[in-house]
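Q: Spelled out from the first residue to the last, the chains are:
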Amino acid sequence: MLSYLLFSVTIGGIYALLSLALNLAWGGAGLVNLGLAGFFGIGAYATALATGAGAPLAIGLCVAMAAGVLAGLAITGLTLRLRDDYLAIVTLGFGEIVRLVALNERWLTNGADGMSGILAPGKAALGVVGFNQAWAGGVTLVVLLVWLLLRRLDQSPFGRALRAVREDQELAGFAGKPVLRLKYQAFALSAAVAALAGALYAHYQSYISPDHFQPLITIYIFLAVTAGGIGRPVGAVLGAYCVVAFLEATRFLAAVVPGIEAVQVAALREALVGLSLLLVLHLRPKGILPERIPPAPKAPS
Amino acid sequence: MEALLQAVVNGLLAGSLIAVPAVGFTAIFAILRYPSFAIAGYVSVGAFAGWWVNTRLGFGAPLAVLVAFAAGGAAGLLCELGALRRLMPAGALTVAIASIAVNLILENFLRFFFGNDLRGFDLPIQPDLIIGGIFVGLQQIWNLVLAVAVVAGVFAFLMFTRFGRAMRAVADNPDLARLKGIDPARIAAIAVALGAGLAGAGGVLLGLDTSIDPMTGYRVLLAVFAAAVLGGLGSIPGAVAGALALGIAEELALLVVPATYRSGVGFVAILLILTFRPRGLLGERAA
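Top to bottom, those sequences are chains A and G.
When you line the first sequence up against the numbering used here, it's residues 1 to 301, in that order.
When you line the second sequence up against the numbering used here, it's residues 1 to 287, in that order.
You may find that some hints are simply not true.
To be verified - Not close to chain A: a few residues of chain G, all C-beta gaps over 10 Å, as computed:
1) L5
2) A101
3) L118
4) I131
5) A245
Claimed, not checked - Quick list of the computed label-pair ranges, beta carbon to beta carbon:
6) G:M88 / A:V256: 30 to 38 Å
7) G:R85 / A:Q155: 34 to 42 Å
8) G:K180 / A:L253: 23 to 31 Å
9) G:T210 / A:L253: 46 to 54 Å
10) A:Q214 / G:G132: 23 to 31 Å
11) A:E248 / G:L81: 45 to 53 Å
12) G:R85 / A:G77: 33 to 41 Å
13) A:V256 / G:A259: 42 to 50 Å
14) G:T161 / A:D113: 50 to 58 Å
Unchecked claim - A few chain A residues that don't get close to chain G, going by computed Cβ distances all over 12 Å:
15) G52
16) T140
17) S206
18) A266
Just so you know, the hints here were simulated from the structure itself, not pulled from any lab data.
Bear in mind the structure is a predicted one, so any value in this text is a computation, not a measurement.
For glycine and all other residues, C-beta sits at the position ideal for the given N, C-alpha and C.
Modelling step: build the complete structure from the supplied sequences, incorporating the hints.
A: Here it is, written out as structure tokens:
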């Protein structure tokens, strides 16, 4: 039971990182990233390959974030000048492509069988329980750090400029804000955080396969950010833990609804996720912790 | 040379099937201005409705397509009125995200009742025709005929009926259309019913070609987007042209890359067209 709880805390932390990533791009700059699962996957595969070649954990994490940034820049380079709905379509396609490449390039990713035996720091030395405890603590610490960083960013002039872009990019451009550069920076940083989440996931599980990066994860994270409160980092983190709790709770659906098969339980769980996202959008579109927009300073009289 | 010609023929046949849901997607976009991810769900709902009347009631392919149109349209209308319409004031992106949730619900509704198994339609086994060294399945020709009939029906609807003309007016200039006394809510409902119905009909056409499961719609989603973007979002003739171009591009690409990368071609096509001709082959909103 304890290790199950610790597992949930760790996964919750990884989802929290993904939510922070999405919140930065979507909540901050209004850039929708439907390929979040793709960036998550890129981070996981990048660190698995790097540490597989003998690099230590820290280098693996850096390689993962760098890969995320590069992918983010490549994907936005073509679309950021265009309308927002194109970005949604392109990022969705990107997520699928990452999975397609992971499935097909066996020489690099071992295809559908996935990569196993990924460096899991501390697993041998600490034992199963110790490893779970250490990772639950470690990932939570990373979440805390990234949250503090992003909150600082949120309140900085950079964060305010991003918001200006989100609300009205023409006006922001007119006011002298470098709109395109701000968008690139926000999206690249967001991709880096998502890739970091993927890298942590890979080392924690020590096994990854294309199945782990289904587009469903992206929907979970959208649910987390919307439920928590778009545009507020602490809301994203809270939303992520709520979503993981919700997902784990629905595992026990089979016990509550008698006489349904495994595939029906899975279908019911996914449908509930979709339904929750709709309900949040309808009933509480600003989330549990709505974004706080400070009032404009009074003009000096 | 023969391989090339065969690829072009296969591409046109495959593209004509994608054209049907692509026209549906772009019709919804033209009027409601949001990219509907739920189109995948409508495709699957239509596919299962058509499959059900085909295998349980013995309906032939043309009737199955009609039933699928009705089922897809009904599902679309239900979701639009029940879940999406109220979100319109929050902006197109919010509705698009809500449409992802709608898609997830539809897909799992089907999964709950039908499971994940692949299902095929009951069709008479028909021989391949060989015309000048090119292989074509007789069923594929029937599918092409059905697809052409459906798309022709849409064009006739848009050109010759009052609602069709009103739809084009709203797509062209919503404010002017409202001034002329066209009720935007009504036109939106018609556009969704038409678009989702076309998606449903497309689901059966795709199912006749291969088999169906709850993910049928999701698997073609990227191709549908690519066809619509290629033709210019919101342009109905563009979506048809885009689908045919995409079909041919996919088949030609398969001559050089492994078949598993098929759906990647749509993505590359989107990137290329956005880079060089962002308003699409035929220009946006040329309906």
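Q: Each hint should be assessed against the structure and marked as holding or not.
A: Verification of the supplied hints:
1. With a closest Cβ-Cβ approach of about 28 Å to chain A, G:L5 is found to remain outside the 10 Å limit, as its non-interface label requires.
2. Distance check on G:A101: its Cβ comes as close as 4 Å (rounded) to a Cβ of chain A, failing to clear the 10 Å threshold; non-interface status is violated.
3. Every Cβ of chain A is farther than 10 Å from the Cβ of G:L118; the closest lies at roughly 14 Å, confirming the non-interface assignment.
4. No beta-carbon of chain A comes within 10 Å of the beta-carbon of G:I131; the shortest separation is about 34 Å.
5. Every CB of chain A is more than 10 Å from the CB of G:A245 (nearest about 17 Å), matching its label as outside the interface.
6. Restraint check, G:M88 to A:V256: a C-beta distance of roughly 36 Å satisfies the suggested window 30 to 38 Å.
7. The given range of 34 to 42 Å is respected by G:R85 and A:Q155, whose C-beta atoms sit roughly 37 Å from each other.
8. Separation of G:K180 from A:L253 is about 52 Å and departs from the stated range, judged on CB atoms against 23 to 31 Å.
9. In this structure, G:T210 and A:L253 break the distance hint of 46 to 54 Å, their C-beta atoms being roughly 32 Å apart.
10. For the pair A:Q214 and G:G132, the beta carbons lie near 44 Å from each other, so the given range of 23 to 31 Å is not met.
11. Take A:E248 and G:L81: their Cβ atoms lie about 34 Å apart, and the range 45 to 53 Å is violated.
12. The hinted range of 33 to 41 Å is satisfied by G:R85 and A:G77, whose Cβ atoms lie roughly 35 Å apart.
13. Here the CB-CB span from A:V256 to G:A259 is close to 44 Å, well matched to the stated 42 to 50 Å.
14. At roughly 55 Å, the beta-carbon separation of G:T161 and A:D113 lies within the given 50 to 58 Å, and the hint holds.
15. Under the 12 Å C-beta cut-off, the non-interface status given to A:G52 relative to chain G holds; the minimum distance is some 24 Å.
16. Once the 12 Å rule is applied to beta carbons, A:T140 is consistent with being away from chain G; the minimum gap is 28 Å.
17. At roughly 27 Å, the least C-beta separation between A:S206 and chain G is larger than 12 Å, which holds for a residue marked as non-interface.
18. Against chain G, the non-interface label of A:A266 is violated: not every CB pair exceeds 12 Å, the least being about 7 Å.
Violated hints for the displayed structure, listed by number in ascending order: 2, 8, 9, 10, 11, 18.
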